[in-house]
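Protein chains: 2
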Amino acid sequence: MQSVEPKHQKSCLTMALAQYTSAVRNMEHTVMLPSLLRDVTLDEESAMADAKDLYECYLMLKSIRNTVESGLMPLDDWKTKSLHFTKETQNSEITDPEAIFYLHLKGLYSVLNNLTKKSQSLTKRYKDIIGLAN
Amino acid sequence: MQSVEPKHQKSCLTMALAQYTSAVRNMEHTVMLPSLLRDVTLDEESAMADAKDLYECYLMLKSIRNTVESGLMPLDDWKTKSLHFTKETQNSEITDPEAIFYLHLKGLYSVLNNLTKKSQSLTKRYKDIIGLAN
Chain B
1 MQSVEPKHQK SCLTMALAQY TSAVRNMEHT VMLPSLLRDV TLDEESAMAD AKDLYECYLM
61 LKSIRNTVES GLMPLDDWKT KSLHFTKETQ NSEITDPEAI FYLHLKGLYS VLNNLTKKSQ
121 SLTKRYKDII GLAN
Chain A
1 MQSVEPKHQK SCLTMALAQY TSAVRNMEHT VMLPSLLRDV TLDEESAMAD AKDLYECYLM
61 LKSIRNTVES GLMPLDDWKT KSLHFTKETQ NSEITDPEAI FYLHLKGLYS VLNNLTKKSQ
121 SLTKRYKDII GLAN
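Just so you know, the protein sequences line up as chains B and A, in that order. Residue numbers are given in this note's numbering: position 87 of the first sequence equals residue 87, and the series is strictly consecutive. Residue numbers are given in this note's numbering: position 52 of the second sequence equals residue 52, and the series is strictly consecutive.
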């Protein structure tokens, strides 16, 4: 008997956005002294690839939450950061707008999930630092 | 006197999604005989790079609208289509989640705007074919 494979994958972007803002709200509520996060990293396994400390990570998560909530995109930092990547996108063989749509939808969904987890780990790490039970 | 540059760019994703679904709804309402779009292309300048005819384009725009409205992502077609692109993304030097977030947000916003215009052009072209005044 053949197994029935699901034709769709649940990936509601609205849900991912809501979960992210909720995680950041909880982080803000918990982290009363963000400066305690300076020079602190997560455990090695989950440490950020670009070696940001948790204070920088905290600011980044808040900044992205502002973008998510306001719908306003800052024009400065990200433009430089994503320049190389954008160049690759332009040079890509993919011109089909459908493929590009799904790529960005999937990408946004995936990065939001990662950022939600990061926010939750940061909150947990802060509680460890101040000796609060998780 | 220095000009005051805006710090933000209005880019509300929700608005782009709503405009897209509205354009496709209008397209569906107008195009009563989609088969008339077979082997028809837009004018050369705005013709799709992948040389789809307007009938295929019509189906694609509807399919994407379903994804936008339901939040369910089909697992089949787009996976293959965006494979090469995804590989490039993985090989990219960019590991900063903030840059990746803004890249996909900007990308999704941009492709939605293009698809909205495509839907409007298709509707206009259909009206030309059946001799309806625009």
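Heads up, a few of these hints could be off.
Since the list can't tell identical chains apart, any single copy or any two copies may satisfy a pair.
[To be verified] Restricting the straight-line Cα-Cα distance to at most 20 Å, the calculated cross-link-like pairs of lysine to any residue (SDA-like) are: (1) K52 / M15; (2) K52 / C12; (3) K106 / Y55; (4) K124 / N26; (5) K106 / V68; (6) K106 / T14; (7) K124 / T67; (8) K52 / L17.
In short, the hints are calculated from the structure, not lab data. It should be emphasised that the depicted structure is a prediction, and the values quoted were computed from it without experimental measurement.
Point to revise | Numbers of unmet hints, in rising order | key: 1, 2, 3, 7, 8
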